[in-house]
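**Q** Sequence order for the protein chains is A and B.
Counting from 0, one number per residue, gives the positions in the first sequence under numbering that gives the first Met the number 0.
Counting from 0, one number per residue, gives the positions in the second sequence under numbering that gives the first Met the number 0.
These aren't lab readings, by the way, just hints derived from the structure by calculation.
Some chain A residues well away from chain B (every beta-carbon gap over 12 Å; in silico):
#1 Ala-68
#2 Gly-133
#3 Gly-242
#4 Leu-281
#5 Asp-292
#6 Glu-297
#7 Ile-300
No more than 27 Å apart at the CA atoms, straight line, and that leaves these computed lysine-lysine pairs for DSS-like:
#8 A:Lys-198 <-> B:Lys-114
#9 A:Lys-203 <-> B:Lys-114
#10 A:Lys-203 <-> B:Lys-25
#11 B:Lys-244 <-> A:Lys-203
#12 A:Lys-96 <-> B:Lys-93
#13 B:Lys-93 <-> A:Lys-199
#14 A:Lys-203 <-> B:Lys-27
#15 A:Lys-135 <-> A:Lys-114
#16 A:Lys-198 <-> B:Lys-88
#17 A:Lys-198 <-> B:Lys-93
#18 A:Lys-134 <-> B:Lys-93
#19 A:Lys-96 <-> B:Lys-102
#20 A:Lys-116 <-> A:Lys-302
#21 B:Lys-93 <-> A:Lys-135
#22 B:Lys-93 <-> A:Lys-180
#23 B:Lys-88 <-> A:Lys-203
A virtual CB, placed ideally from N, CA and C, is assigned to each residue, including glycine.
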Amino acid sequence: MMLRSSSTIAATSVGVCHTQRLWSHSVTLNYRLSQFAGNPLLSNSAFVKWKRNIGSSNKNNRFRMATKALAQPLQNADELIDSVETFIFDCDGVIWKGDSLIEGVPETLDMLRSKGKRLVFVTNNSTKSRKQYGKKFETLGLNVNAEEIFASSFAVAAYLKSIDFPKDKKVYVIGEDGILKELELAGYQYVGGPEDGGKKIELKPGFLMEHDEDVGAVVVGFDRYFNYYKVQYGTLCIRENPGCLFIATNRDAVTHLTDAQEWAGGGSMVGALVGSTQREPLVVGKPSTFMMDYLANEFGISKSQICMVGDRLDTDILFGQNGGCKTLLVLSGVTTLPVLQSPNNSIQPDFYTNKISDFLSLKAAAV
Amino acid sequence: MLRHKGKKLVFVTNNSWKSRSQYAEKFKSLGISVSPDEIFSSSFAAAMYLKVNNFPTQNKVYVIGGDGILDELQLAGFTAFGGPGDADKTIDWKQNGFFEHDKSVGAVVVGIDPKINYYKLQYGTLCIRENPGCLFIATNRDAVGHMTPSQEWPGAGCMVAAMCGSTQKEPVVVGKPSTFMMDFLLEKFNLSCSKMCMVGDRLDTDILFGQNAGCKTLLVLSGCTTQSDLQDPSNNIQPDFYASKISDMLDLLGA
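Just chain B, same shape as in the assembly (with noise of 0.2 Å):
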């Protein structure tokens, strides 16, 4: 109905896990036709951010996160390393070793890993204090995500946050709140944030996303917020509107 009306139509997910291209097959087994250029996947941000600010090509990424990240770095033209690969290295205490870490790595991405582990965190922090200027970017910070249908796990708010723990430093956060996406979009499809509107299922990162960047806000139900989650007095973020779920705007057609 939407793309009838001529809307054009953006998808921004903080789930940095899967690439632009895995997400659109997504949409496709979901019967939904969405081309890998409407989706915008932290996993995506980051390599935009490095992109936009002319990392230089001789550096090498360290990624703490899923092949997401390393797809999308490797199709921007970054040398990339670290990922699912390092999920089972582990080291040998016994012989009391010297820790080797790559002189050349130049950023540090942290994004959501389950497969998270030890020499991941050691590898990130020696990058990080010990690489001059290297950069600490994370895809987003969410504390909690619906990894399964049934319950919430640990999100990238966890790792990212156990690598500020190790290194002292604040990352950059290139996903949801920071406008970082929003702005990179607007200017890609030449777009005007007044006549933009941001659906979402999260406070916290949806909803403030579209405030920080100035377009309407609507908030739906269908996810991880209820309505006593938005009128709780403990709560500062209003959208300027909120619904059941995205469907309602057929139903209220004319309304």
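Only chain A is shown next, with the shape it has when bound in the complex (with noise of 0.2 Å):
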């Protein structure tokens, strides 16, 4: 074998080992923010009417299109009701903290269902199904149907049926028993969810980890007993499958388990995945409008006869808006108000207030 010279391109910068598109939602961020840069500075009613004439050649709006909306406090509760027919709540930070009802919670549903208003419930929170999460409603007095609910574990089972995923082909699960139950109940083949966390591997010569080749598609979700094992199946899979997919049901960095602190989400675990794969996911949740999409084709509605309320800017406002619809951020969650108005935030949503219970204590501003 000669030593051969080939010829020498300039070096590779660095920064392209060490960037990695960790962020589907940064293409999704620009996404927004060029749509909708330089929202005037309107008030509130006048700045509904503009949302309503969206596209509509407006020489002042040309003008303004030079700023950028800032998020206006809900003062009108009333008017905001009055203009959507649907009301998409996120759960945690928003309808509870941990195990416990944020108040005024029940009170404010009822109105809104006496209003008429269809209520909608999108958590990016895999580790319980539809059927679960309508039971922990239950246990804290609230009436929601599982129907009215769309965990990203749901999501996943709904994408799998979207693309006719085979049912002769499995799923690899790393993540919680949301999805496993979803899976099941969509006609899904799985392998692995919680019991691979009790899996250990000897990384000795002779070992060699099998993998099963019917898998068509790895899903990586919130996963408190996340390990090795699970990396390694999943990279095979992923790899050295044809075709398989590589779906994340969100990709929270953190998340509020308890109410006391932050917890490590399912942007951890999906990040691993991204590590060892170098390939991106495809993301159900929030911000990825799969879930609007699908609950908007569902029931029938229009975007635009929707209010998003949430209480994550990068997760909750930015689904609303990438859905194009109205968004309402509250701050009994995560976000506070020095977040909101800190110069690094971009993301603005339409109205802010402390939490939903205002809806009852806001009355119409007098003329």
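From these two lone chains plus the hints, build me the complex, please.
**A** Structure below.
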């Protein structure tokens, strides 16, 4: 074998190896900014009218496109309520915190229902199935059907259904019970889940990890039983099974498992698989609009008739904006007013308020 | 042959699992005489990074990785904890308790860790997110590596990306292709890049490392890169030379 010379090409920058496109929603953030950059600073009612006329060629709007509209404190709650037909609520930090109900929630939901509003609950938390969430709502004294709940665990099954994922293919799950239950309900075969949390490996010569060649999708979500076995199994499936899908329930960096503190979220487990496969996943949870498109189609609702209510800017509010609906940030969860108003924050909901029960306490402003 | 010709030999590995002296033992068991001073593992690089940047010794270091990292940190005079000791730690979810972490941790070092678990991810995440100025250091970001001869396994790139996912921060990388180790050894041995050749089997770590530093590069096909990988149109990292294995240098002498 001869030592052959190859032409020297300028060294690729070190940045190529360090930079990882971890955030699929960085793409959606750019989309959101390009769509809404320069929302004019208007009063609430004028703003609502502007949104209805979006796309109209108004000279004034074009002139004002240079400025970005800041979130307005919610004052005229009735006007917002009357302007939409459906409210989508995030759960953690909006309805409950950990296992405690946030003050005034039952009365607020009852009021909205009495006004004929459709209520939908969308959560990135994949640890429970929609049925299990239904039980949680019931335990907290709230009247909510499983069909009104869209957890990212359900979104995975719904996504596989929407692409006609073959029933003879299997799904490898790095995640918890909620995902397994939804896959089972949808008629899919799965492997993995929490029981792989007890599997150990010995990195010794001669040890070979086998993997099922019928796995056609690897689903990754929040997983408290995360370990190296699962990472390797998922990695082998994605790298070696032709056409194997890599699906993420969500990429939240941290989550409020307990209301006292933050905990490493699904973004961590998904990050691990991105690191080993060097592939980006398809994200079905917020801020991806998959769940929004699904429920809009399922219930036959127009997105301009929806208001998204959440406590996180980079999932809930971005989800609402990407979907083209109104957005209301509540400060009863992870986001504080200083964070919303920080110069580092570029995600501006239409409105913000302390908690959803403000719908009851805020009255129409006297004209 | 190379030593006979008066060439200086240096061994640089991204594998942080062992310390330099443990690697020297490995060389010895293979019948090769190499001094620990000639070995630069990414475990050593992490310790040197902290030293070079005057990391205060009263601050602690939390390690997600193996004993190699802990040993090198301790040798360099730092207080390090975590590592394999946290492999069996679990969280009692029924308790709904508070997860405590040491507020004096000033750096989290992440390397290859086959004993990765949620406890470690949470501990490291809290340190980086909540301890003011806490450093996030990665030994390296290799996606996979040959932990066993028969197949590839997830590398440090996996654990590092897990931490990026929960902290939304990018780490300082001390291993290849970052030039930190190169800068360090150039200064330590008073060498010049122009008189150096980097020999490796990976394009995106070894060869890029050499190119970033400005030295000659030789790719060997005795490892994970094949000739077709090298010549694939999607590859844009071109070493100066390639050969089957380093012993080709013996065969080709005088050719």
